[in-house]
Amino acid sequence: MDTSRAEEYRALANAARARGDWQAATQYNERAAELFYNAYNAHRGNDELDLHGLFVKEALVHVERRVRNLSSGMTTLRIIVGRGNRSADGPRLKPAVEAWLRQRGYDFKEDGRNNGCLVVQVQGSRAARVEAVWQQAQQYRYTPAYWEQPPPDPPSNGGLLCVAIVVALVALAAWVFG
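With UniProt numbering, letter number 36 in the sequence shown gets 36, and the count goes up by one each step, no holes.
Everything labelled a hint here was simulated from the structure, so no lab data went into it.
Since the structure is predicted, the reported quantities are computational estimates derived from the model, not experimental observations.
Cβ coordinates follow ideal geometry from the N, Cα and C atoms, glycine included.
Careful, some of the hints might be misleading.
What the hints assert, rightly or not - Computed Cβ-Cβ distance ranges for the label pairs, DEER-style:
(1) D21 / V61: 21 to 29 Å
(2) A24 / R68: 29 to 37 Å
(3) K109 / K57: 19 to 27 Å
(4) E30 / N114: 27 to 35 Å
(5) A99 / L169: 50 to 58 Å
(6) A42 / R68: 15 to 23 Å
(7) S4 / E64: 25 to 33 Å
(8) R44 / Q103: 19 to 27 Å
(9) A42 / A88: 24 to 32 Å
(10) A99 / E34: 21 to 29 Å
(11) G45 / K109: 16 to 24 Å
(12) R19 / Q103: 32 to 40 Å
(13) G20 / A42: 30 to 38 Å
Could you put the whole structure together from the sequences, leaning on the hints where they help?
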């Protein structure tokens with residue numbers, strides 16, 4: 001797998017960022033992310049996702065897409081996050097992906113053979129059950145009744161009550177100080 005073009009785009013993005021051209025840097029980074037993703041995932045099936053070369057935000061976009069678009073018969077998804085050996089501050093993708101999965105209720109574990117890989121239990125997890133119920137509700141076009149109700153009208157006598165309180169306070173102040 002050749003990632004040289006992706007690395008060139010990352011270098012162009014860094015140069016653009018250094019000269020303050022944030023728009024060009026963003027465009028170069030987006031192109032680099034696309035090239036890295038395609039290079040690392042071209043030979044992988046739908047049950048495996050390789051996030052090498054991606055920044056955290058880019059990686060999380062791909063994780064969300066893959067989880068949402070999984071085939072119905074799949075039970076697990078292998079997400080290759082890497083060990084973080086080339087990051088100066090240690091691994092970044094793995095903690096971010098773990099947090100994303102935890103927040104959404106997915107059951108996952110570290111692959112016993114490769115600590116740079118997470119195995120996500122797609123079916124049977126809380127998130128999968130919630131998604132299944134939601135899909136079933138959409139199939140029958142059921143939505144909770146309170147979602148369908150318009151918001152209540154504000155009280156129409158609120159202004160009158162406010163005026164009455166002010167008049168009472170003025171009368172009280174006149175009696176106390178007057």
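Exercise. Which earlier hints turn out false for this structure, listed by number in ascending order?
Worked result: Of the numbered hints given earlier, the structure breaks none, since each of them holds.
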